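Chain A is already provided as a structure; the job is to place chains B and C on it using the hints.
Protein chains in written order, with the working numbering: chain A, 1 to 325; chain B, 1001 to 1308; chain C, 2001 to 2361.
Treat the hints as calculated values from the structure; they're not laboratory data.
Every value quoted in this text rests on a predicted model; they were computed, and no experiment measured them.
Backbone N, C-alpha and C fix where the C-beta goes; we use that ideal spot for every residue, glycine too.
This list has only true hints and no planted wrong ones.
A short list of chain C residues far from chain A (calculated; beta carbon distances all over 10 Å):
#, residue
1, 2148
2, 2157
3, 2168
4, 2178
5, 2325
6, 2337
If you only want the chain C side, here are some residues facing chain B, beta carbon under 8 Å, derived:
#, residue
7, 2092
8, 2123
9, 2124
10, 2126
11, 2133
12, 2134
13, 2136
14, 2145
15, 2146
16, 2149
17, 2200
In silico DSS-like pairs for lysine-lysine, Cα to Cα no more than 30 Å straight-line:
#, chain 1, residue 1, chain 2, residue 2
18, C, 2157, C, 2113
19, A, 320, A, 269
20, B, 1196, C, 2113
21, A, 320, A, 245
22, A, 269, A, 245
23, C, 2157, B, 1196
24, C, 2161, C, 2113
25, B, 1196, C, 2161
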Amino acid sequence: MNPVLEVDRLAVDIRTPAGTVRAVREVSFSVRSGETLALLGESGCGKSMTAQAIVGLLDPVAHVAGGEVRLDGTDVLTLPPAQRRRLAGPGLSIVFQDALTALNPIQTVGAQLAEPFRIHERLSRRAARERAVELMERVGIPEPRARAGAYPHQFSGGMRQRLLIALAVALHPKVLLADEPTTALDVTVQAQIMELLRDLRTEQQTALILITHDLAVVAEQADHVAVMYAGGIVETGRVADVFAKPRHPYTRGLLDSVPGEVARGTNLKSIPGSPPDLHAVPSGCAFRTRCPLATDVCAEQRPPLAEAGQGRMSACHHWKELADD
Amino acid sequence: MTLVETPAAIAARRTSWWRLLLRDKFACVAVVILLLVAVSAVVGPVLLGDLAVKQNLRAVNRPPFSLDDGWAFALGSDSLGRSVLARLVVASRTTLSVAIPAVLISLVVGSIWGMWAGYHRGRRESVSMRIADVILSFPSLLLAVVVLYVFSPSALNIILVLAIARIPIYLRAARAESAELQSRLFVDAARTFGAKSWAIIARHVAPTVLPTLFTVATLDFCFVMLTESSLSFLGIGIQPPDMSWGLMVAQGRQVLQSAWWIAVFPGLAIVVTTVSATVLASWARLAMDPGQRWRLTLPRSRRKEVKP
Amino acid sequence: MTEPEKSRPVAEPGKSRPVTTPAVPALSSAPAAAEAPLLEVAGVSKSFHVAGRRRLRALDGVDLRLERGETLGLVGESGCGKSTLARVLLLLERPDQGRVRFEGTDPFALRGKELLTWRRRVQMVFQDPFGSLNARLRAEDIIAEPWRTHRDLVPVKERGKRVAELLEMVGLRASDARRYPQEFSGGQRQRLGIARALALGPDVIVCDEPVSALDLSVQAQVLNLLTDLQARLGVSYVFISHDLSVVRHVADRVSVMYLGRIVETGPTEQVFDRPRHPYTAALMSAAPVLDVTPGARRERILLKGEVPSPLDPPSGCRFRTRCWRAQDVCAQEPPPLEPSGEEPLHAAACHFPLQEPVTVS
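Looking at chain A on its own, in the form it has when it is part of the complex (with noise of 0.2 Å):
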């Protein structure tokens, strides 16, 4: 089957005070339907900025200044403005992290979830409202036909996420992003939500992207994992096959720094120092300023991301020695 979603050598920029700075280089990477891709990073690494480019909600400040994005084949980044308009729902569609802003205050959830219907299959108020409902029952809001007249600060967290779902799979897009959706959450509603998602993804034979920064989230959730670092794509295969044996220092690092098993009072594994500031990125690789096999060539070659293994890539010189362990 082939990837309903390709992003291409994507790039982006970003005007700061200070000039401009690339936050997101080469990105690539693909993926089918009814398969969940994780993007996996630290904070400000360029994840969600990678995912606002492929829906085209960047920031006026940052702008794509390179590579494709390709919905079954065509590049949506060439598309004119109105077409891209209409992907948005049947298309792309994506689920931020926090409910609270990213609904309408002043409009009743109804009218909110009933909205895309209307727009994009012209449905007429009464009929809109109806599918708002089942939609809002669908995500498991109690009560859907009652609560679809309150408005977004009457639900708890939990909800207002489910209602952010509802309103991003409302017409059964063919592919989902979810960009940190349960990190504002406590952890048995969080259990919830990703449930919904995971169900969702498989009743519409959705591709989902889930942007994150939880390792443990994507353990359980994700087919295939892509790890990010200071802009760029460092690993990427089976999740399965990463974390039983990464093959980039970083993606082991941030294994190791997991509070797992290691005994109490005994120190973690860290990785020193902390991500690099987008001014100042490290020539060659950039993760060489904390990686612990770090030579001259890191410095001198930003190592690609290349075929390390069966089905998987990465983008480091010393891979190998990785493997080896």
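Here is chains B and C on its own, set in the frame of chain A:
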């Protein structure tokens, strides 16, 4: 460890205040104008005191921008043949000696009161705000008229009346910001050390609130000068033969159609002084905030759009 | 490049550095109090008035005990009252009922100089490394701030030196003293916050979600720092977090909170391996696990609904509305926090505690 720091921020840290000021043309011009006003207020009356009151009935209502009658009449003369330029310079002292104390008193009282009320919240806050509402609901000009009619219209009384009428402005602004700040975590941190409330206000609240209030105060400067001129117009403000810019505007208003310069130049002096003070205040507000200072190294047009 | 890169090993606190004890010796405690726990909270309740005369019961009869040099993990979801409890421990809120004892004395009864001396002994590290530091102050002023109140603690002449010591103790450079908070990264800011908490030489540090705002790779550094500081200085931590894996790593004992009450408490291994309260079991099964070996995925207890509002908590057991084991008695009587027979230190507040690890949903 790498630092999250833009090159511009590093540059700003190494630049001295003086360099920062020189970089900003508007702020430089404002400083020059304010210095000029200050110098004329200090030495003007000594140098030009006689010239300002000397009547020359052969040269009444001379139009400005002509040097036929000597430099003293460069800005024209009034209906008694007195030099407008000399009067402008001499009047700056009275004007500033009313406006500055009035603004300072209301600023000091209003901001301390407001920070105290906002920091403690509760009853102290609501009582203070009701008092402010009462003062504000009373037309300040009417208040001034009543007070100055009952008491003598001396400079001190004018200052006090103007100051009291303006206290609520600072009280409200200071309370709002202080109430927001007192809920911040770094204030909580200071409480865990056992710091006293006044120490916290001085250390954490005032440095953030005061720059805003300074900007408000410079704008208020204009208002106070104009109110003083209205009082003078009603005959209960500065009394002739003393002179102030406000009084000059009031006197010139009667002959505005035949001799516009008599009212316009003092009016212009008020506006230019106020605008300069405002420009300088907004510059100082940025320069005093270590998180914002780097913006001053950018061209003016780009200051607002960029995120730190 | 004007600042030459000094040869400095990558910050690794606790390694190859002379052990410096804090300049402040711990207050000499009365010998009689040596038996009493360092910090004891018993039956503490606290309500807040909110709009329309309603009362929000943030804490409802909370018991807590902290021994010298140990770490107590406090786990719970948002709105469970853990932050209010932290504020009570720091005397920022006065409880409506119950008692707080610090080495046998009631800190709420202290006044003036005694109170000030007490303040030195309990300090706090905040969650938000951005909001908890005043952006207008330099690092040195932030760390030295407590000494402005406690004037006799460190002589003015020695403050610069002491700031440098504290900076190095938390893995920053002495030359960072002149920097402003916004010039540091999130992890470095959290180190600054820890240095400020250490400035008064406390016995107890209340850490309110100290690493939840940090990136994973940096989170491990800060956790290591906290562990090292405990080994060097012998401080006790009350470690508040919603992240179970973090708590499991740092805590000696754990207390689980739900809607203002402690529902389970005990040694970390016992609570994590054999949870007795259904809520604890659900919480642990809900947390995603990082294990990709085939077949490792456990059965998950998916709780119904969300935490009820603390404005209108359920009667009896607070958890009964979401509990799959609830019966009529749960709505009538609040269950007491009782230890089990085999594990005397491990107590749960449940009428029908779990006997063995649950695998059913």
